[in-house]
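Participant: Hints are included, so try docking the two chains, each in its own frame, into the full complex.
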Amino acid sequence: GENVEQHPSTLSVQEGDSAVIKCTYSDSASNYFPWYKQELGKGPQLIIDIRSNVGEKKDQRIAVTLNKTAKHFSLHITETQPEDSAVYFCAARQGAQKLVFGQGTRLTINP
Amino acid sequence: DSGVTQTPKHLITATGQRVTLRCSPRSGDLSVYWYQQSLDQGLQFLIQYYNGEERAKGNILERFSAQQFPDLHSELNLSSLELGDSALYFCASSVAPPGLAGGDTQYFGPGTRLTVL
Numbered sequence: 001g002e003n004v005e006q007h008p009s010t011l012s013v014q015e016g017d018s019a020v021i022k023c024t025y026s027d028s029a030s031n032y033f034p035w036y037k038q039e040l041g042k043g044p045q046l047i048i049d050i051r052s053n054v055g056e057k058k059d060q061r062i063a064v065t066l067n068k069t070a071k072h073f074s075l076h077i078t079e080t081q082p083e084d085s086a087v088y089f090c091a092a093r094q095g096a097q098k099l100v101f102g103q104g105t106r107l108t109i110n111p
Numbered sequence: 001d002s003g004v005t006q007t008p009k010h011l012i013t014a015t016g017q018r019v020t021l022r023c024s025p026r027s028g029d030l031s032v033y034w035y036q037q038s039l040d041q042g043l044q045f046l047i048q049y050y051n052g053e054e055r056a057k058g059n060i061l062e063r064f065s066a067q068q069f070p071d072l073h074s075e076l077n078l079s080s081l082e083l084g085d086s087a088l089y090f091c092a093s094s095v096a097p098p099g100l101a102g103g104d105t106q107y108f109g110p111g112t113r114l115t116v117l
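Sequences listed follow chains B and Y, in order.
Note that my numbering numbers the first sequence so that position 97 is 97, with each residue one more than the last.
Note that my numbering numbers the second sequence so that position 68 is 68, with each residue one more than the last.
One or more of the hints may lead you astray.
Cβ-to-Cβ under 10 Å is the rule here; a few derived chain B residues that face chain Y [claimed, not checked]:
1. Gln45
2. Ile62
3. Ala63
4. Val100
5. Phe101
6. Gly104
Keep in mind the hints are simulated off the structure, nothing from the lab.
Ideal Cβ positions, reconstructed from N, Cα and C, are used throughout, including at glycine.
With the rest of the complex left out, here is chain Y (with noise of 0.2 Å):
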């Protein structure tokens, strides 16, 4: 157990629907991390986020948002869903951002899957 949580487990919903996703982070960690793993894209970085703010961003389609809480949860929001949104969807953290002291090792959670029909 990495002690990075995220619910839902399962996600099942239809075309055109929003979805939100949420993530908390390990005790002590300020940085959390969305990746999407695909069949054929296999781990890509979505988005990044230090102590609330946006750090840094990876290949996030304009549907999808994110933020980090005071709490330092993280959610993640689909919207207009389509069909090749169908993925898992895993969070990370580390206690610092890359590059500083503790930056470098991110924990996963056991991830969010997201069918679409």
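Only chain B is shown next, with the shape it has when bound in the complex (with noise of 0.2 Å):
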């Protein structure tokens, strides 16, 4: 089955400075990438997501790339503010199958 693999556990940047958290999956055949936010006390929520036909997909400080030689893909988030604070998820599907999440990045921004 699928196996995502997610770096780094944590993050520390200054704010306005970029983000990056990155993901390998290992089933060529998945094709759905989402990434989800989740802040404290709260449920995770979808905040941008890409399927395997286009590289890269942008969402105003927002963007994903992928690479499917590779089988990774990353969220890149730049002009990071202090609510950008939270713990990151990013998960893959293959067709029908269920979503498999990576083990989630703290990213902390700090002022």
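Facilitator: Below is the structure:
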């Protein structure tokens, strides 16, 4: 089955700098890759997703890139703000199979 | 607010007991998913229902069961509870099952924190 590894487990950046979180997946048939943000005491919230027929997708300060050959995808957050502090999860899914989540990255934005 | 509601927010119980967690999906969503989140296991998929029928099973223990009712709300039943069952339990919903139009995006509820003493 699918296995997703996420790095780093913790990330601390200065406000205004960029943050990058990387995930690798094992099943080359996976075709859907969402990213979720989980704030303290809340459920995960979808922030951006990408499908395997696209290499990059942007939404304001957030972007996701996908390298199908290397089987990895990354989340990029630019001009970080204090409200970006949260735990971020990547996930991967092949067709109608279940979503498999990475272990999460705790992002801290230092003012 | 995702539109998915879960009750109760917190639940404290003893080993060997049985509890029921409740989830109401977003209006119009037919698929419901249950996940367990613990510190050492991350987010683990348990089970999925679509329009009242079970569609997929993940790492769900035999002591756990779930169902989706005609009004589309879902309940997760946990029995013979053990200390290791202490975790956050999330429900998510989507318009359709994964792989179909509208089935990719899952909206998560706020979760139920279960503590087994």
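Participant: Hint by hint, note whether the structure agrees.
Facilitator: Hint check:
Interface restraint check: glutamine 45/B against chain Y, minimum CB-CB distance 7 Å, threshold 10 Å, status holds. At about 16 Å, the closest approach between the beta carbon of isoleucine 62/B and any beta carbon in chain Y exceeds 10 Å, and the interface hint on this residue is violated. Interface restraint check: alanine 63/B against chain Y, minimum CB-CB distance 18 Å, threshold 10 Å, status violated. At its closest, the beta carbon of valine 100/B sits 8 Å from a beta carbon of chain Y; the interface hint therefore holds under the 10 Å criterion.
Of the supplied interface hints, the one on phenylalanine 101/B holds, with its beta-carbon coming within about 4 Å of a beta-carbon of chain Y, less than 10 Å. Interface hint status for glycine 104/B: upheld, as the beta-carbon distance to the closest one in chain Y is roughly 6 Å, under 10 Å.
Violation of the numbered hints given earlier is confined to hints 2, 3; the remaining hints are satisfied by the structure.
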